[in-house]
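Colleague: Each chain, written out:
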Amino acid sequence: MMLAAFAEPVFDSQRTFRELLQAMARPAVPRRLPVLPPAPAPVRPEAMAILLTLCDAATSVWLQHPAAEVAGHLRFHAGLRLAEQTQQADFALIDAPASMPALDSFACGDLRYPDRSASLIMQVEGFRTDRGRRFAGPGIRDTEMLAIEGLPDEFWHRRAELSAQLPLGVDLYFVAAQHVVAMPRTTRLLED
Amino acid sequence: MTPRYNFAFLDEDTKRMLRRALLKAVAIPGYQVPFGSREMPLPYGWGTGGIQVTAALLGPDDVLKVIDQGADDTTNAVNIRRFFSRVAGIATTERTADATLIQTRHRIPETSLREDQILVFQVPEPEPLRTLEPREAETRTLHALADYGLMHVKLYEDIAQYGRIATSYDYPVLVDGRFLTSPSPIPKFDNPKLDRSPALMLFGAGREKRLYAIPPYTRVESLAFDDHPFELQSWEHHCALCGSNDSYLDEVVVDDSGTRMFVCSDTDYCSGHRPEARA
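Chains as they are written, first to last, in our numbering: chain A, 1 to 192; chain B, 1001 to 1279.
Careful: at least some of the hints might be erroneous.
Unchecked claim - Selected chain A positions facing chain B (in silico; Cβ < 8 Å):
no., residue
1, VAL10
2, GLN14
3, PHE17
4, PRO138
5, ASP171
Rather than coming from a laboratory, the hints here were simulated on the basis of the structure.
For each residue, glycine too, the CB sits at the ideal point set by N, CA and C.
Isolated chain B, as found in the complex (with noise of 0.2 Å):
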């Protein structure tokens, strides 16, 4: 641990701001709370909110797990990672189960968390609207009213033009069946484990200065229409290295003349269930 920063790195006044944000956050599923985005030593887009929110949470007892894509080794999870043992000088862990928390880019794990864990996303875009109506100002009162009618819009011309509803991560969610909300860039077919899910998830943007919750055993429904309902991927495939057919899976690249294996993005889950594992 280096002793020349507090622990966990912000500052206290910095943490209580942050902590009563996450609060007001909890106590409004899915509503965006602005709070005062600090200068991390990273640059935006590696993931400064999540970093904040976790840096808010984290306690000596803490059992800190990162994920990026659900891998525990890429170079943004090994670097947070480090981060926080250096900085707070806590334990961390590549095992779901063993996690107290979780701070995750654009996955949530395949084990089922546990009512004890907190789950910690990196969100680049909290604005769910944003693409649709660039400006601020409008989104606010769009959520205001709970007018949504673009977003439908946006999913029927998916419809007009694909025949399919086309988005396939970032997929737009209703929380407790009020405030439209980005469940961050996981592939849909993570959209299910946010729905009454037992531990409790937060959101962090640092650039665009947001963050909100979706608290546990709360109603999260995807979008969709009575004749267009909420459809899953499914691969052909099954994971090259553990077998298994239910997780999601990534398409790799393992040599020149462009040979393509499919393998679990979950790296824990994956290792856990590989034949010499279950022996």
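Isolated chain A (complex conformation) (with noise of 0.2 Å):
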């Protein structure tokens, strides 16, 4: 049987949309996000909440592991096109961050328009805020402590070497437990 996606499209979309943004502008600090839709596996409601806030029959998405239920699921509640190359995806749905496919393989925008760019939601296991990786950029007072579980290091190597082509790159979601934290390509991950 079919799951059911927000009680209250208008409103859930809209309150899940503002959390997404106040993200977006004071990134790796962890945000709760207001509500949580049911979701198929291996998605997680919270990258479920994302989707449905921000995709439509506008926008192709692709998914790292395209199960028929998830796939149908998007389809019936958001309309959404899936796209089959990394490359042609407005956003990206990461469930196991460890084998996902190269930064640079996904869409980071050309010099006229950065705004043409993948945005890619990844499902990790959990944040932190005691310890872990500084950051500093636009929308960071000073700098911001996050750990990020569930990520490989390798992860942020690659992350750092895609920063030298700003203002082209990726934006992020991370998700886990209930809170989203968004990581802009501007954001910068301080060496200790």
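Dock the two chains into a complex; use the hints.
Modeller: Shown next as structure tokens:
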């Protein structure tokens, strides 16, 4: 049987969007998502909330593991298109970061239109703000400390390599345990 | 609230399109994101860009303030406030401190904004280079290459002609050291409030179909030269109503013989600083 989506589509997506906007404006700070809709495995409810808020027939989404039930759920509730190639995706859902494709295989925009770039929704295991790496950049007053559990170390090397191409790049939404952390391309990982 | 409209007037597809564009705008500070601007029930030039951004943000719990050149009680501000209370049923206020969302035409409130507030600017011309280079394809390329020599030449010509940089409003800024950006036609008096602001600032240009953002705590530098640094205007007058000497003043002609009066442009700030309010 098919699962439901947002109970109140207009207001649930508005509330979710405002959290996403604040998350993007204040990177590396976990924010609690106000509404968690049902989601078929392996999609987490936090990731489903973002997809239902932002995606429709005008967007294409790449799924790392396109299970038939997930594809059917998203097509029915959001009317979105599924992308075959990472390069064509506006959004990508990564449920296993350890085996994800290279960051630069997603659209990074072009210099005249850096907004034509992918947004990655990455399901991780958890966030810690009492220890971890330090981040700086627009939206961060001094520095923010954050540990993202379930992310291979190599991921940060790949992301740092991509940052040489600013303002090109991809923007990230990490989700775990009812929270979202956004990390736009401009957020820098500080070397200790 | 008028029930014949979707909440906040726009349909959900349009809101999603705006929301996706706004998130990219925040992720690329100062870069102008194209969006599918809709026809609104008021003409271009009356704040259609700001209204569309506000409509994409607005929720039932928001408290909206709208100002036009600092004033809450001018035609544009009153009508936009009334529009949103009709199509979204939200609460409105004239007090800066009580608002969660502030839509503004050409001013930044004098009262410091907080992290939980969002400021939405109405922008007539989002492209700071447009008067120097009319072709969109060319200005895109100049932004791609971060080639802002044209603007420096323009400011230099001001100095050569007038002995100082004569631009007093819509004074160009560099956001996060990368994108040359129009702060919208705010007086340059307000430019320092853009730098490392605690509040998120969003800009919407309806006719030009562009929106952009300055995230909180982001470096915003007003262009200048080492030997001609950025300078603020100052007045010898105080506000005739509240006595303030540190707020932006409007010069008002008060009678047929040309008597003038200087008053705060920010009406909420002014009413909060009058002697009777302080007592």
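Colleague: For each hint, tell me whether it holds in the structure or not.
Modeller: Hints versus structure:
no. : hint   : verdict
1   : VAL10  : holds, 5 Å
2   : GLN14  : holds, 5 Å
3   : PHE17  : holds, 5 Å
4   : PRO138 : holds, 4 Å
5   : ASP171 : holds, 4 Å
In summary, this structure violates none of the numbered hints.
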